[in-house]
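Using the hints, position chain B against chain F.
Protein chains: 2
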Amino acid sequence: MNAPSPIHFYFDFSSPYAYIASEWIAALAARHGRPVRWHAILLGVTFQAAELKSPVSYPIKREYSLRDFARSARMEGVPYVMPSPFPIPSHNAARLFWWLDSQDPQRAVDWAHAGLRGFFARGINLSDMAALQGLAAEFGIAPEQAAAICADPVWKDRLRAENEAAIAAGVFGAPFFIVDGEPFWGNDRKHQIDRWLGGER
Amino acid sequence: MNAPSPIHFYFDFSSPYAYIASEWIAALAARHGRPVRWHAILLGVTFQAAELKSPVSYPIKREYSLRDFARSARMEGVPYVMPSPFPIPSHNAARLFWWLDSQDPQRAVDWAHAGLRGFFARGINLSDMAALQGLAAEFGIAPEQAAAICADPVWKDRLRAENEAAIAAGVFGAPFFIVDGEPFWGNDRKHQIDRWLGGER
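Chains as they are written, first to last, in numbering that gives the first Met the number 0: chain F, 0 to 200; chain B, 0 to 200.
Mixed in with the good hints, there may be bad ones.
Part of the chain B face toward chain F, derived, beta carbon under 7 Å [to be verified]:
1) Lys60
2) Gly76
3) Val178
4) Asp187
5) Gln191
From the derived model, a few chain B residues whose C-beta atoms are all more than 12 Å from chain F [as the list claims (entries may be wrong)]:
6) Pro5
7) Ala29
8) Pro58
9) Phe85
10) Asn124
11) Ile140
12) Ala147
13) Gly172
14) Asn186
These are calculated hints, taken from the structure and not from any lab test. These numbers come from a predicted model, not from an experiment. Beta carbons are placed, not taken as given, at the ideal position from N, Cα and C, and that holds for glycine.
The shape of chain F in the complex, shown without the other chains (with noise of 0.2 Å):
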């Protein structure tokens, strides 16, 4: 019999319902038998080429969208504090999980845990290399290291062909979730990705 296929999870450190979803996309795929298959993603890239811009550009919509990431991460019982600034460049964070996940895909994400949860519960701003660094540092990263690897082109084009690979994948927002071909978008399609693995068309 085949390895069962992985569920393709594509996030941005800086996406709210992106990290809610990092909570609980491991024990929903285990529930499954799956394995998951997690993707470090820039939002931003896929907005340009999808012409979207993020719901919190849009004033209408900023103050909706802050109540409703803070009530959805309440529901699913995941620790959130609305994080200032907001939202923030995730590259250098993206860049450092590409590299960890050269060398052991099951430590970069361990690296995404820390990331997401140092961004969203403990106000910890990715986007300052100081703070990146000591995050790092915590993870066993080497300060100077942290710092090679986001300055590194070669972790730059990895990170540049990922969200190449993640837009010709079709994906247009974070989470992002890629299921045996069927595409499924947001935080809250959770119950529908969860039928769809039990077997429901």
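Same frame as chain F, now just chain B:
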């Protein structure tokens, strides 16, 4: 004891997610002993106020949206046939709604169901006056009367005022729900509304 306050339900006759929600809102409200106050609005007007566009107007999002409309309907057990043309201007169906509402709100709700099911399950193009008149005739409104109501400045103004009231209440999409002042946007907020009505905060 005071009467329980209503769930305000904002819909557009041309919104697939509002159609799906229109099929579950009554049962959900009844479970919590709440009435539902239906509001026919024009999504295009709220989009304009919020500087948003329809998801199907973005090429990358369009394909996903069409798939998600059908999947969301299927998983909710609601009959769905993607209409064409789509989206359509729905002001005439909405004017008839407000005319009926001024006489008998329950009859307006029945018309909302007839219109939404007509467009999304039976392929009746509500923006075509002859088709709309046919549906109105089935419903017991004479074709000439339906046309006269749609052209009457009283119901044009009423719809305009209802759109403005919705925008003032913070509505920027459909379906939109306001429960005791708490806003919920989207068919996919069903579970949160259910839990909120159950007392969860």
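Hints that the structure is at odds with (numbers, increasing): 2, 3, 8, 13, 14
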